[in-house]
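Sequences are here, hints too, so could you generate the full structure?
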Amino acid sequence: MTPFSDEKATGTVRSEQVGSIMTALRNRVLEGKLLPGTKLKEAELAAQFGVSRTPIREALVAAEREGLVTYETNRGYTVRQFTRRDLLESYEMRALLEGHGCRIVAERGLPLDVERALRHGLDRAEALMSGDSPLEGEALEQWRLLNQRFHTTLMGLVPSGLFNRSFQTVYRVPKIYDVLEMEKDGPTLRQYNEEHRRILDAIARRQSGRVEFLMREHLQGPCDLLLRRMEEAPGG
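Each residue of the sequence shown is one higher than the one before, starting from 1 at the first, in full-length UniProt numbering.
Honestly, the hints are just simulated from the structure, not real lab data. We put the beta carbon where it would ideally sit given N, CA and C, even for glycine. Don't take every hint at face value.
Cβ-Cβ distance ranges computed for the label pairs, FRET-style [said to hold, decoys possible]:
1. Lys41 to Glu16: 15 to 25 Å
2. Gln142 to Asp201: 15 to 25 Å
3. Glu136 to Thr70: 28 to 38 Å
4. Arg149 to Arg228: 24 to 34 Å
5. Glu136 to Tyr71: 35 to 45 Å
Have a look at this one:
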């Protein structure tokens, strides 16, 4: 192997390493394991991942570009704290994108296997709820994942790389607060699940205009809830 090849191979390994670290950091932020405002120290992260500080630094730069962390001279990196305006703009963009995405999926036709999988997911979510009791612990986490899968599965059917990159970008902002401030009230979660059923029914019937409206309306409820909680929080 030539020196150039050695360098190329080393670069490939480094790129994969940085990508893996970036994915892990992203998941920790989005799952609420790294809270907004948390300081990220290169040395500590390097020890956790068992790597040098160089790939950690590169991963943090990538995370900053993605909008998950912020950097200040002499202070380093911290998990980004999103403002009320960030949240509002993100939900507005989500409503536009997901509404349009559902229209496209309805017009193209929903694959039967996907429809069955989504309906099964809605049934599982319904089974997690018992009366008016709030969801807690593992049940709440399962409901959150099923809710997430419903949205990401539908948007994943849109045949546009640009659309999906845009969706992933705006989806991350409220998703962080979905984890931290998610509604646990049984009746509210049941309402969200029923809205999912109406959305899926409209797509299956290829009612493109109706489903675009339903998805936009569906996203307004969680947005209003999170904005209200941000206002009620100390310093909100």
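May I ask you to test the hint 15 to 25 Å on the CB atoms belonging to Lys41 and Glu16?
For Lys41 and Glu16 the Cβ distance comes to about 23 Å; the hint holds.
Assuming the hint says 15 to 25 Å, is it satisfied by the Cβ distance from Gln142 to Asp201 or not?
Since Gln142 and Asp201 have Cβ atoms about 23 Å apart, the given range 15 to 25 Å holds.
Can the suggested window of 28 to 38 Å be confirmed for the beta-carbon pair Glu136 and Thr70?
32 Å, holds
State, for the Cβ atoms of Glu136 and Tyr71, whether the hinted interval 35 to 45 Å holds or is violated.
Holds - the Cβ-Cβ distance for Glu136 and Tyr71, about 36 Å, lies within 35 to 45 Å.
Arg149 and Arg228, beta-carbon distance inside 24 to 34 Å?
26 Å, holds
When held up to the earlier numbered hints, the structure conflicts with none and fits them all.
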